[in-house]
Amino acid sequence: MSLCLQARQLACERDDRWLFQGLDLDIRSGEIVRIEGPNGSGKTSLLKILSGQLSDYQGELFWNGAAMNEAREHFLANLLYLGHAPGIKSGLSPLENLAWYQALSGESGNEERRLDALEQVGLAGFEDVPAGQLSAGQQRRVALARLTLTPRALWVLDEPFTAIDRHGVADLERQLVAHAQAGGCVLVTTHHELTASPLLRRISLG
Amino acid sequence: MIAVKATLVRDLTLLLRRRGEVLNPLVFFALVITLFPIAISPDPELLAVIAPGLLWVAALLAALLSLDSLFRSDYDDGSLEQLLLAPQPLAALSLAKVAVHWLLTGLPLALMAPILGIMLALPAGSYAVLALSLALGTASLSLIGAIGAALTVGLARGGVLLSLLVLPLYIPVLIFGAGAVQAAIFGDGVAAHLAILGALLAASLMLAPWAIAASLRISING
Amino acid sequence: MWAFIHKLGSPKWFYAISAKLQPWFWAAAALLLIVGSLWGLAFAPADYQQGNSFRIIYVHVPAAFLAQSIFIAMAVSGLVFMVWKIKVADMAAAVMAPLGAAMTFVALFSGAVWGVPTWGTWWMWDARLTSMLILLFLYLGVIALRGAFASRDSASRAASVLAMVGVINIPIIKYSVDWWYTLHQPASFTLTSRPAMPTEMWLPLVIMVLGFYSFFIALTLMRTRSEILRREANKRWVQDLVKGQVEEAR
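Chains as they are written, first to last, in the numbering used here: chain A, 556 to 761; chain B, 209 to 430; chain C, 12 to 261.
These aren't lab readings, by the way, just hints derived from the structure by calculation. Check before you lean on any hint, since a few could be wrong.
Stated by the list, open to error - Simulated pairs of lysine to any residue, SDA-like, Cα-Cα distance not exceeding 25 Å:
hint	chain 1	residue 1	chain 2	residue 2
1	C	Lys246	A	Leu578
2	C	Lys185	B	Ala343
3	B	Lys213	A	Glu682
4	C	Lys23	C	Pro34
5	C	Lys23	A	Gln613
6	C	Lys23	A	Gln576
7	C	Lys185	B	Leu369
8	C	Lys31	C	Lys185
Values in this document were obtained by computation on a predicted structure and should not be read as measured data.
Using the sequences and the accompanying hints, generate a full structural model.
And the structure:
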């Protein structure tokens with residue numbers, strides 16, 4: 556399925572300061588789009604606007620050619636967003652955390668898939684440890700397990716490489732490329748230098 | 209629907225693993241009730257007169273105590289963003305969270321109140337009404353309070369502000385809740401009071417989830 | 012229609028039109044308040060029960076009316092801001108909140124002063140005064156919430172939501188407080204719920220109420236104008252305006 560997220564003349568003003576203005580974006584299947592810019596240039600705000608969390612913007616958004624507020628339901632059903640904070644409850648085990656995310660995406664879920672997903676991010680053996688006892692990198696990996704657990708076409712990832720080790724970074728990078736090759740699309744901000752790839756495109760802010 | 213149920217289960221599990229947080233409001237309730245005979249007088253006749261109001265005010269404050277943490281941890285660890293992006297309506301999901309708050313705060317307070325009523329020499333015949341009015345009333349309090357909690361969750365020190373926002377809105381519930389217990393003591397009909405408490409709950413159930421959802425969307429962009 | 016609403020929402024347009032409207036409201040306020048207070052305080056007959064002390068209603072009642080109306084106006088502005096994203100509406104709501112709180116305080120204070128000759132005490136838990144006190148807390152909540160946010164955009168939205176929640180609750184609070192009062196303190200007399208006033212007593216009251224409203228509108232226009240200048244200080248039209256005035260002064 557071919558996907559297309561478009562922004563036309565996107566502008567965001569926070570407290571009388573323009574973060575960006577007149578931004579035109581076309582994000583299509585098979586692409587990895589990296590948003591670049593110095594701190595405070597509005598990368599996170601842009602991701603929040605593009606993932607439908609922030610409604611405080613000017614300009615228009617289109618999902619597969621339809622205006623965003625009409626296509627919102629279909630858009631959310633195809634979106635996986637990982638924010639700055641991993642969204643992992645420290646009082647719950649990785650398995651329980653994933654169970655909630657699976658249910659949140661509307662699936663009744665099954666335990667085997669969750670175990671598989673955890674194994675893929677290298678957390679086999681940690682399934683039932685309270686997430687509060689895991690390291691920051693391991694918690695990030697629990698969040699990343701959602702990428703395989705609940706397949707979504709559009710990934711919006713805000714600094715996904717934070718806190719994970721070199722090995723994990725390479726794995727994640729491979730995963731991003733594989734996702735794009737399979738027809739998905741990835742929108743990412745990161746300070747980590749991504750390996751050049753024909754699928755990678757950069758957008759600079761600020 | 210799956211998502212709502214899962215959110216209920218998740219929040220219940222989380223809170224039951226941290227029992228201290230569940231017990232704190234109950235201990236606070238008992239403690240505040242202990243302060244009054246000490247500060248005023250141990251005279252049972254005097255206490256019996258003020259008992260309905262005291263029990264209701266103390267329960268209301270105890271319920272307020274745990275309100276600040278309703279969305280706080282979700283906000284801090286990033287799961288609130290995920291809640292906002294779920295394909296399910298945010299109003300329904302936040303209703304699940306409020307339901308957990310009531311189950312683990314309002315309901316235990318209501319069940320505990322009769323025991324404290326004995327200690328305040330609350331006249332016989334009003335105990336069932338006390339528990340029932342508190343059970344009904346605290347449900348409204350949780351719903352209304354959650355609006356305040358959602359509005360202040362993005363603020364570093366929202367706790368005191370939360371009480372300032374929420375307490376004036378609690379007054380109707382307090383009037384009819386304490387009124388129900390007093391009516392039971394005087395032997396008047398309590399049906400009208402309980403019906404109004406029910407009506408307040410119905411109104412909060414209809415309107416509050418939307419206000420909570422709107423407030424959460426504001427706070428997430430704080 | 013849409014074009015009109017958005018034109019109304021443009022700060023520049025509002026700034027221009029309010030400049031024309033403002034003097035009329037100031038004039039009306041001055042005229043009505045002078046006529047109303049002279050008539051009410053000097054010429055209206057004394058009350059057969061309360062003597063001259065009843066005259067405080069010429070301040071108390073308009074202030075109490077206004078206190079409630081301002082909250083409603085604030086909530087409506089909040090709604091307009093949230094639905095149509097009209098910033099002027101939020102600026103108006105922001106300046107209305109302290110005004111409303113001040114009016115509520117005036118109503119409370121005048122009620123307390125009136126209580127001394129009537130009840131022999133500064134404070135009675137009278138239904139009207141109690142509702143007013145709760146209203147004051149609602150105002151303080153809105154003001155405090157607006158002040159607590161670091162980002163002004165979020166502050167505006169949060170204050171709008173709270174004002175709307177408050178306005179839904181005001182009738183409920185008022186009804187429950189009235190009910191509570193009749194239950195606990197039946198039939199002592201209150202400031203306004205009395206048998207029909209003679210014409211020469213209520214006519215000045217109507218004039219005073221209209222005067223207070225004109226005063227409120229004039230003051231809101233004026234303060235919204237300065238709020239516009241403050242918030243739009245880095246916009247082109249404001250800078251041109253200031254430049255023009257500086258040159259004129261030379």
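Evaluated hints:
Of the supplied pair hints, the one linking C:Lys246 and A:Leu578 holds, its CA atoms being roughly 21 Å apart against a limit of 25 Å. Restraint check for C:Lys185 and B:Ala343: satisfied, since their Cα atoms lie roughly 24 Å apart, inside the 25 Å limit. About 22 Å separates the Cα atoms of B:Lys213 and A:Glu682, which keeps this hinted pair within 25 Å; it holds. About 18 Å separates the Cα atoms of C:Lys23 and C:Pro34, which keeps this hinted pair within 25 Å; it holds.
With a C-alpha separation of about 19 Å, the suggested pair C:Lys23 and A:Gln613 falls inside the 25 Å cut-off, and the hint holds. Taking the CA atoms of C:Lys23 and A:Gln576, the gap is near 22 Å; set against the 25 Å cutoff, the hint holds. Between C:Lys185 and B:Leu369 the alpha-carbon distance is near 23 Å, which keeps this suggested pair within the 25 Å criterion. For the proposed pair C:Lys31 and C:Lys185, the alpha carbon gap of about 38 Å is over 25 Å, so the pair is violated.
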